[in-house]
Amino acid sequence: MNETAAQTLREGLWENNPGLVQLLGLCPLLAVTHTFVNGLGLGVATLFVLVCSNGLVSLTRSVVRDNFRIPIYAFIVASLVSCVELFYKAYFPYLDRSLGIFIPLIVTNCAIVVRAEVFASGNTVGRSLLDGAAMGLGFLALLCALGAFRELIGFGSVMTRLDMLFGGDAMPGLVLFDGGFLLAILPPGAFFGLAFAVAGKNYLDQRRRRSASFAARHRVT
Amino acid sequence: MNSETGKQRPVWSSALVLAVLAVACIALVELTHDLTREQIEANEQAFLEESLRPVLAGIDYDGALSDSTLIIPVPHDLPGNQPATVYRIFEDNAPLAALFVVVARDGYAGPIRLLIGITSDGRITRARVIEHRETPGLGDRIEADKSDWMNIFDGRSLQDPNEDNWKIRRDGGDFDQLSGASITSRAVVKALRETLIYLEANRDTVFAPESGTE
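Which chain is which? The protein sequence lines are A and B, in order. Be aware that the first sequence starts at 1, since it is given in my numbering, and climbs by one per residue. Be aware that the second sequence starts at 222, since it is given in my numbering, and climbs by one per residue.
Keep in mind the hints are simulated off the structure, nothing from the lab. Treat the numbers as computed from the prediction; the structure is a model and nothing was measured. Each hint should be verified, as a subset may be incorrect.
Said to hold, decoys possible - Cβ pair distances, simulated, as ranges:
no.	chain 1	residue 1	chain 2	residue 2	range
1	A	Ser62	B	Gly284	39 to 49 Å
2	B	Thr306	A	Val63	45 to 55 Å
3	B	Trp233	A	Cys27	33 to 43 Å
4	B	Thr306	A	Gly100	16 to 26 Å
5	A	Phe181	B	Gln260	47 to 57 Å
6	B	Gly284	A	Leu186	36 to 46 Å
7	B	Asp366	A	Phe177	16 to 26 Å
8	B	Ile351	A	Asp178	41 to 51 Å
9	A	Phe192	B	Val232	21 to 31 Å
10	B	Ala285	A	Phe177	34 to 44 Å
11	B	Gln266	A	Arg207	48 to 58 Å
12	A	Leu176	B	Gln303	45 to 55 Å
13	A	Leu176	B	Ala429	49 to 59 Å
Claimed, not checked - Incomplete in silico selection of chain A near chain B, CB under 10 Å:
no.	residue
14	Asn67
15	Phe75
16	Lys89
17	Gly154
No residue lacks a Cβ here, since even glycine has one placed at the ideal position from N, Cα and C.
Excised from the complex, chain B in its bound form (with noise of 0.2 Å):
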């Protein structure tokens, strides 16, 4: 589409004009992001919220569920090898509960992200599968809406089954093992097993309160 006729307009006038218009464009996109940022920021909370609460079960909690995060730096003994994030409840200033984001590195086809509810005494509240790979009818029996498999963690301890007995049934411990999903399984009551020895053993670091709190 190049005309021969009329007149050839120089190429600094051209480039001139994107420009400006380059810079219109970034100024309009600019602006659009700073009139919605908070509400996004918002809407990412009240996500986060939303994902939180159904691990909370029993415990009666009206505020915001992630208002006290704790980054865990590695090296952790948590599972993952990633940084852990912990959500603390705490109730007039003492801990009631916290909320792990952990990961099993050793499902069977992948890692396996878990959110564990775990109140400050040891029990566990409930444990839900985030995301995973496993195998479609076997291993992801472990997502709470295709079984109801997770829920047998729900108000266990280091005490109930003692810790030796905290493996599935096929390794000697208390947990009955998937069907056809042992390895999924194994790494799920694994997880459980060490996210609990880690609160045991690092209480205070978990329920510390933030810098700067009263």
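Next comes chain A alone, as it looks inside the complex (with noise of 0.2 Å):
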């Protein structure tokens, strides 16, 4: 698998976004989406979680069996996601109240065991904390662009309570109207909610793949 830097950059992001294309780690995702901050919240924790995982799987990959690599990624993950719930009870306790139980919940994220199983038992640490830092950023934006768009349209507003992550008095946010369309922040609405951010990716690339063929096809020589 010798990818460059920015292979692997675009892997994650959006090629093969854990979100959107895995479709993995989907409980969290979405449970966690109605408001921005939660989204944001969660996609900051299971990022440093996913590039520590890579980082160490990496770093001991060579003392590692193939039989018994699998309690190892559990020790690791189980281990990382102990210490970012004791952080976030910590130094975010309103968040860690909102979030509830998603945050352990990240150990049950298929998207880390897979990305040690796939990525980071096979090559060296620099690339796989890139790979980590990659799919985390991938799964990040994605909690966030669905959180602020079931936020916008079920509450009416976006990016409330910033505070809960970033500290200081309560933010308000932007409040654009008053209360919005239930079933947005309901279970269905997250469903919904990812069925359009799926669909919009396949429109892209079938668009771009589109344009490139018609680029290719017209090309004067």
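Could you use the hints to bring the two separately framed chains together as a complex?
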């Protein structure tokens, strides 16, 4: 797997986005994206775990044999998530209360173990860290986008309570209208939102492919 | 993914790696736990204070509300069959008020947890429902943000109305019940009444200074 750094980045952010393409980590994705700040908070936590997990798995790949690599991954991810949970409880207590059980549930995010197995176990530490960052940022971007979208349609506001992550007094965010479409902040709205996101990505990809093949066919030599 | 070629690592060597990694992971979590323990405790305290403040209506108090916590063991005459918690507030060593956390077990759909602020002379400052399972639209109007009903207890005591009239109107008492939710209303009124009676009968226990305080 000898891809360039730019390729790794593109894979994680778009081509192989954990939420849009691999469709992994959907449980937290659907559950916490009813507001922007919740999506941001969980995305940052997942990003941290992905990067560190990839780094550690890559670091220990020479001493880890095939037949017991799964317990190793479990140890690493579980320990990292425990640390993240303690950190959030200490320094982002409101966000911790808002996200509730979904911080510890990062452990079950398949995307993390998949990257460990598919990438980190066979690549250098540097590359693995980059892959973790790319995948994590792709996931984070999707969480934020979905969160903003659902919050806007469902509550009529966007980016409220950013103080839960950045500290200080309660930030009211941008309130555009009062109340909104209730479905958007309920589970079905999450599924619809994700469906729109996946459809949107596929549409953009298709358009790019079409215009690329059009250009190829009509290239004037 | 079991390769036939290549050396097979002996089992004990794999086990050793696993053990070393386990110790390292546990050490990492323990270290984080140590570093964050104090801050987490402070946060828990702050959340507790925040939840207690609403029932302090009218009482001017600057200190930490949960400074002086008393756990009343079972059996006791307060509502609920678990140990009850009382947050006592003293001013210059004189009792000022007590915040009771009690559980009315006879709610319509389950137990109702109440936070009741009572001054040392037996007047309710304010009562709030912390936890309940009552019917949405009917019993859930005991929640402060669903209706004003709980405010009818502000300032009441066992003299206002007298003990015999501390019931819902349907039972011959002075308190209007929530329409369509008389069982819920009855449970709340009963719990408040029992708590007031308890405080009157056990004022010394409730406001006993903590052992070792000046």
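Does A:Asn67 pass the interface hint, meaning its C-beta sits closer than 10 Å to a C-beta of chain B? This interface hint holds because 7 Å falls under the 10 Å limit.
B:Ala285 paired with A:Phe177, Cβ distance criterion 34 to 44 Å: For A:Phe177 against B:Ala285, whose Cβ atoms are near 40 Å apart, the range 34 to 44 Å holds.
41 to 51 Å as the expected CB spacing between A:Asp178 and B:Ile351, which holds or is violated: For A:Asp178 against B:Ile351, whose Cβ atoms are near 28 Å apart, the range 41 to 51 Å is violated.
Between the beta carbons of A:Ser62 and B:Gly284, is the distance compatible with 39 to 49 Å? violated (58 Å)
Range hint 47 to 57 Å (beta carbons of A:Phe181 and B:Gln260) holds or violated: Hint violated: Cβ distance 39 Å, outside 47 to 57 Å.
Indicate whether the distance between the beta carbons of B:Thr306 and A:Gly100 respects the range 16 to 26 Å. holds (24 Å)
Against chain B, is A:Phe75 within 10 Å by beta-carbon distance? Constraint on A:Phe75 satisfied, holds at 5 Å.
B:Gly284 and A:Leu186, beta-carbon distance inside 36 to 46 Å? holds (42 Å)
Per the CB criterion, is A:Lys89 less than 10 Å away from chain B? Holds - the Cβ of A:Lys89 comes within 10 Å of chain B, reaching about 5 Å at its closest.
Holds or violated: the hint that A:Gly154 contacts chain B, with Cβ atoms closer than 10 Å. violated (19 Å)
Mind checking the hinted window 16 to 26 Å against the Cβ distance between B:Asp366 and A:Phe177? Given range 16 to 26 Å: holds, Cβ gap about 21 Å.
Hint says 49 to 59 Å; check whether the CB-CB distance for A:Leu176 and B:Ala429 agrees. Holds, since A:Leu176 and B:Ala429 (Cβ atoms, about 55 Å apart) stay within the stated range.
Hint check: violations occur at hints 1, 5, 8, 9 and 17; the rest are consistent with the structure.
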